[in-house]
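Chains as they are written, first to last, in our numbering: chain H, 159 to 608; chain Z, 159 to 608.
Be aware that a few hints might be false.
In this list, chains with the same sequence are indistinguishable; a pair is considered to hold if it fits within one copy or across any two.
[What the hints assert, rightly or not] Under the rule of at most 20 angstroms between Cα atoms (straight-line distance), these lysine to any residue pairs were calculated in the SDA-like manner: (1) Lys513 with Leu168; (2) Lys241 with Ile596; (3) Lys370 with Asp227; (4) Lys339 with Asn502; (5) Lys513 with Asp229.
The set of hints was computed from the structure by calculation and includes no laboratory data.
Below, each chain spelled out in residue letters.
Protein chains: 2
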Amino acid sequence: MQFELTTEYLDDLRQSIETKNADRLLLQLQELYAPDIAEIINQLRDSEAAYIYELLDEDTAPNVLLELDDDKRERLLATFSSKQIAEQLDNMDSDDAADVISELPESIQEEVLSHIEDIEQASDIAELINYDEGTAGSLMAKELVSVYGFETVNACIEEIRKQADNVDVMYAVYVVDNNEKLIGMLSLKKLIISHPLARIEEIHEPDLQFVKTSTTSEEVAEIMQKYDLVVLPVVDQLGRLVGRITIDDVVDVIRETADENIQRMSGISDDVDSNDRLWRLSRARIPWLLVGMCGGIVGSRIIGTYEEQIKIHPEMAYFIPLIGAMGGNVGVQSSAIIVQGLANNTLLGDQISSKLLKELGVGFINGIICSLLICGYAFVIEDWKLATTVSLALFTVILCASFLGTFVPLTMNRFKINPALATGPFVTTLNDIIGITIYFIMGRLLYTLF
Amino acid sequence: MQFELTTEYLDDLRQSIETKNADRLLLQLQELYAPDIAEIINQLRDSEAAYIYELLDEDTAPNVLLELDDDKRERLLATFSSKQIAEQLDNMDSDDAADVISELPESIQEEVLSHIEDIEQASDIAELINYDEGTAGSLMAKELVSVYGFETVNACIEEIRKQADNVDVMYAVYVVDNNEKLIGMLSLKKLIISHPLARIEEIHEPDLQFVKTSTTSEEVAEIMQKYDLVVLPVVDQLGRLVGRITIDDVVDVIRETADENIQRMSGISDDVDSNDRLWRLSRARIPWLLVGMCGGIVGSRIIGTYEEQIKIHPEMAYFIPLIGAMGGNVGVQSSAIIVQGLANNTLLGDQISSKLLKELGVGFINGIICSLLICGYAFVIEDWKLATTVSLALFTVILCASFLGTFVPLTMNRFKINPALATGPFVTTLNDIIGITIYFIMGRLLYTLF
Numbered sequence: 159m160q161f162e163l164t165t166e167y168l169d170d171l172r173q174s175i176e177t178k179n180a181d182r183l184l185l186q187l188q189e190l191y192a193p194d195i196a197e198i199i200n201q202l203r204d205s206e207a208a209y210i211y212e213l214l215d216e217d218t219a220p221n222v223l224l225e226l227d228d229d230k231r232e233r234l235l236a237t238f239s240s241k242q243i244a245e246q247l248d249n250m251d252s253d254d255a256a257d258v259i260s261e262l263p264e265s266i267q268e269e270v271l272s273h274i275e276d277i278e279q280a281s282d283i284a285e286l287i288n289y290d291e292g293t294a295g296s297l298m299a300k301e302l303v304s305v306y307g308f309e310t311v312n313a314c315i316e317e318i319r320k321q322a323d324n325v326d327v328m329y330a331v332y333v334v335d336n337n338e339k340l341i342g343m344l345s346l347k348k349l350i351i352s353h354p355l356a357r358i359e360e361i362h363e364p365d366l367q368f369v370k371t372s373t374t375s376e377e378v379a380e381i382m383q384k385y386d387l388v389v390l391p392v393v394d395q396l397g398r399l400v401g402r403i404t405i406d407d408v409v410d411v412i413r414e415t416a417d418e419n420i421q422r423m424s425g426i427s428d429d430v431d432s433n434d435r436l437w438r439l440s441r442a443r444i445p446w447l448l449v450g451m452c453g454g455i456v457g458s459r460i461i462g463t464y465e466e467q468i469k470i471h472p473e474m475a476y477f478i479p480l481i482g483a484m485g486g487n488v489g490v491q492s493s494a495i496i497v498q499g500l501a502n503n504t505l506l507g508d509q510i511s512s513k514l515l516k517e518l519g520v521g522f523i524n525g526i527i528c529s530l531l532i533c534g535y536a537f538v539i540e541d542w543k544l545a546t547t548v549s550l551a552l553f554t555v556i557l558c559a560s561f562l563g564t565f566v567p568l569t570m571n572r573f574k575i576n577p578a579l580a581t582g583p584f585v586t587t588l589n590d591i592i593g594i595t596i597y598f599i600m601g602r603l604l605y606t607l608f
Numbered sequence: 159m160q161f162e163l164t165t166e167y168l169d170d171l172r173q174s175i176e177t178k179n180a181d182r183l184l185l186q187l188q189e190l191y192a193p194d195i196a197e198i199i200n201q202l203r204d205s206e207a208a209y210i211y212e213l214l215d216e217d218t219a220p221n222v223l224l225e226l227d228d229d230k231r232e233r234l235l236a237t238f239s240s241k242q243i244a245e246q247l248d249n250m251d252s253d254d255a256a257d258v259i260s261e262l263p264e265s266i267q268e269e270v271l272s273h274i275e276d277i278e279q280a281s282d283i284a285e286l287i288n289y290d291e292g293t294a295g296s297l298m299a300k301e302l303v304s305v306y307g308f309e310t311v312n313a314c315i316e317e318i319r320k321q322a323d324n325v326d327v328m329y330a331v332y333v334v335d336n337n338e339k340l341i342g343m344l345s346l347k348k349l350i351i352s353h354p355l356a357r358i359e360e361i362h363e364p365d366l367q368f369v370k371t372s373t374t375s376e377e378v379a380e381i382m383q384k385y386d387l388v389v390l391p392v393v394d395q396l397g398r399l400v401g402r403i404t405i406d407d408v409v410d411v412i413r414e415t416a417d418e419n420i421q422r423m424s425g426i427s428d429d430v431d432s433n434d435r436l437w438r439l440s441r442a443r444i445p446w447l448l449v450g451m452c453g454g455i456v457g458s459r460i461i462g463t464y465e466e467q468i469k470i471h472p473e474m475a476y477f478i479p480l481i482g483a484m485g486g487n488v489g490v491q492s493s494a495i496i497v498q499g500l501a502n503n504t505l506l507g508d509q510i511s512s513k514l515l516k517e518l519g520v521g522f523i524n525g526i527i528c529s530l531l532i533c534g535y536a537f538v539i540e541d542w543k544l545a546t547t548v549s550l551a552l553f554t555v556i557l558c559a560s561f562l563g564t565f566v567p568l569t570m571n572r573f574k575i576n577p578a579l580a581t582g583p584f585v586t587t588l589n590d591i592i593g594i595t596i597y598f599i600m601g602r603l604l605y606t607l608f
C-alpha cells in the first residue's frame, strides 16, 4: 500500500521525461501523494526535477516543494522568478511558507513577499520570519480558529465557518477574552455535543498547556510529548494568542535531534546525509579524525618513552590494542547512557554524584569480569608478570573510562555544550591515551619490582 | 511554566509522606499533571509510591499509572488485588489498558479482565492483547467514531453525541459501508460547516491512508511521519474498520527506536536506562565488552607474530594505538551515515554499489589528508621508513574502514538484522584487527626491502 521507490520505476520515469511525454508522466505520478513525488524528485537531476515540477497541479506542487530535501528545493527555486515563488507560497500554511522564504537569499525575500496576493498571508509570513530559529515562534503557524468567551455555541459555529477556510485540519477552538488573551480552549467534540445557545465561557476548558514565542523548540517538543498534545497554542509576552504548533512539526524536531545526536556520537560534525556531495561529507568528518590523530600521536609519544622496556619485553606491545579498545568501548557505553538520560530528562540535575557512583559500580563489576578473563588468558599464553600487568591495567582502565564516560557528558551538559559530542571520538581518544599510560606505568612498576 | 523536579522538592514531599500528612501532600501535588506526578513517583521508594498513588483521585490515578516507568508500574501493581487493577483499567483508553494488562503475569490477566465492569471495555482489551507486539494491532485503540455513508449530517451529529462519550479527543469521523468496510473519512470541520441534511457519502473524503492490523509499528511510524497524519485508521483482513492509531503513540515508537539505535551503536545489548539496577546495567554491557576483548586478543596474537621485528624496531609499537583508533573512528563515521540513511529511508535498496563508491571516495580524500599529515610528523620525529610505513598503513586502513563501515550495515540490513548493531563495537573491533595486520605487514615489507 505504501509507495516504494525502486530504480526500475525511476528509469521508467526518466524515459518519459527524456521523451517529453507529459501525459505518460502524469499517468505514472497519478496515484502518488506529495511526499512520494518529493521522494522521486530528490533522486532526479535538476533539469528533470524542474520538468516534473512544472507539470504538477497547483494543489500538489506546494506540498511537493515542502517535502523536498533542502538543497534540492534551493536549486529548484533558484530557477523560479519571484512571482512564481510567491504563487507557491500563497497556497501553503503560513509556517511552511515562512520556512521556505527564510531559506531564500535576503535580497529577494522582500520581492517575493510583495508578490503574494493574499495580503493577510503575506503579513503572517513577514511576522513569522522574524522569530529566531529554534524557538516556538519559528515553529508556529498563524492559522487557527479562535472565539470570544462571551459568544454562544451557535455564534461560534458561524465564526468557525468563516475562519475555517484558512485552516486545513482543525483540532481545537481557542477561547480568548476581550483583549485577545488566551483563556482556554474548546474541543470540537464539546462544541458539537453542546447546546446551541450555551455560552462558550460556560463550556470551555480553562486549564491548558501553552508556550511563549520565545520558548525553545526542544522544550516545545518535550511538553508536547510529555502531555501527549496534538496542538499547542503560542502566546506573546502579553499573553495574547498569536499562533499554534502542531505535532507533525514537532515530530520533525524530535527526529532531527535524534539524528544530530547520532552524528555527534559518531564524530560527524556537520549535519549531512548520504545523498550529500563528496566534499561536504569529507569536510564534516575530518575534524574529529584530526582530533583522533592528535590522540594517536600523544599515544605514540607515551609509548616512545618506554622504548627500552619494549626492546626487552616486546610482549608488552601485544596488548596495546586491547587496552585502548576496551577503554574506548566502556567510555562510549557509559556516556551513551548518560546522554540518553539527559535527552529524556530521566536524570535530575543534582544527581551527578549518585550517577557517578552507579557507573563506577557497573565499571567495577565488568572490570572484575574482564580482567579475570584476560588474566587467565595471558597467564596461560605468556607469564604471570604480563598477566598481572594486563589485568590490573585493564581493570583500572575500565574504572577510569566509566568515570570519564559519565563525568565528561554531565559536565558538558552543565556548560550547555551538547553532551552527545562527548560520547564519540572525544571519550574514545581520551580513554585511549589514559589506558596506554596506565598500562605502561604498571608494566614498568611490575617488571622493575620483580 | 513547565514543572521541574528538584531534589529539594522531592525531600519536601518525602517529609509529607513520612509524617503521613495527606492534606499537605495533596496540596503539594495539586498544580501538577499526571505525567509530572509519574515523574515524581519514579524517583520514590516503592512504599512511598504506593502511599501517594492511593491518595490520587480516580481520574488522575490511571493516567499516572500509564506514565510510570515499566518496572515501577510492575512493582506498584504487584501490591494491588485483581479487582483494584481492573478499576484502574476501566478508566483508560483500550490501547493503554491492553498495554498495562499484557505486562501482568498471564495467570492473573484473565482474573483482572473478569473484574472490569464495562463489558465492552473488557472485550476490547481482550481483543487487543491478542495482537503481536510491534504491529499496528498492538498500537491501536478501539475508541473511534464511525458513521454509515448513507446517513445525513444531522443523523451523524446525533450519532457522534452518542459515541463521543468513549472518545477523549476526536480528530475525525470514519465512514463505513453496510459491511463495516472503511470507505473514507470526514473531518469534524467539514461536518460543522456542511448543511445538516447533506448525506455523508456526498461530503466524505474517500482518499485516505490506512493500515492493516498486521502492519509493523515501524511502517506505521513511517507512514504517519511521511504523510503528516495525526490519526491513522486500522482495518482487518476484510477491510473492516477495527481501530485507530494516534500520533502520540507513534511519537513513543519513534523515540524508542532512536534510543535503541543509540544503545546498539554504543554496544549496549539490552534496553536499559540510567535508573535501572546495577546488575541489569552490567549485564547489558558485558557481551560487547567480551567481543571487544576477543578482538583485542586476536590483535595481540597478530602483534605477537612480529615479536622479532618489535625487538629491533620498537618504534613500530608507537603507532599501534593511532592505527587502531583511526580505523575505528572512520568505520563508525561511515556506518553511522548508512544506518541513518536506512532508518530515514533516504537510501534506495538497490544503490549499494554507488554508496560504497561514494564512501570510498570520502575515505580516499580523508585518507590522503590524514596520511600526509602523519607522514610529515613521523618523518620529522623518526625516519622515512617509519613515516612511509605509518602513512601507507593509515591510508589503507582508512579505505578499508570506509568500505567495511558501509558494507557491514548494508549487508546486515539485507539479512534483516538491525544495522545499528554493526555501527558500534563490531565495526571498531574488526577495523582494529585489520588495521594492525595491515600496519605490520607493511612494516615488515618496508624494513626488509630497504
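Now the hints, each set against the structure:
For the homomeric pair Lys513 and Leu168, the shortest alpha-carbon distance between copies (17 angstroms) is at most 20 angstroms, but the shortest distance inside one copy (52 angstroms) is not. In this assembly of identical chains, the alpha carbons of Lys241 and Ile596 never lie at most 20 angstroms apart, being 67 angstroms within a copy and 60 angstroms across copies at closest. For a Cα distance limit of 20 angstroms, the shortest separation of Lys370 from Asp227 qualifies neither inside one copy, at 29 angstroms, nor across copies, at 30 angstroms. Taking the closest pair of Cα atoms, Lys339 and Asn502 never come within 20 angstroms of each other, the shortest separation being 32 angstroms inside a single copy and 40 angstroms across copies.
In this homomeric assembly, Lys513 and Asp229 come within 20 angstroms of each other (Cα to Cα) only across copies, at 19 angstroms, whereas the closest approach inside a single copy is 42 angstroms.
Of the numbered hints listed earlier, those contradicted by the structure are 2, 3, 4.
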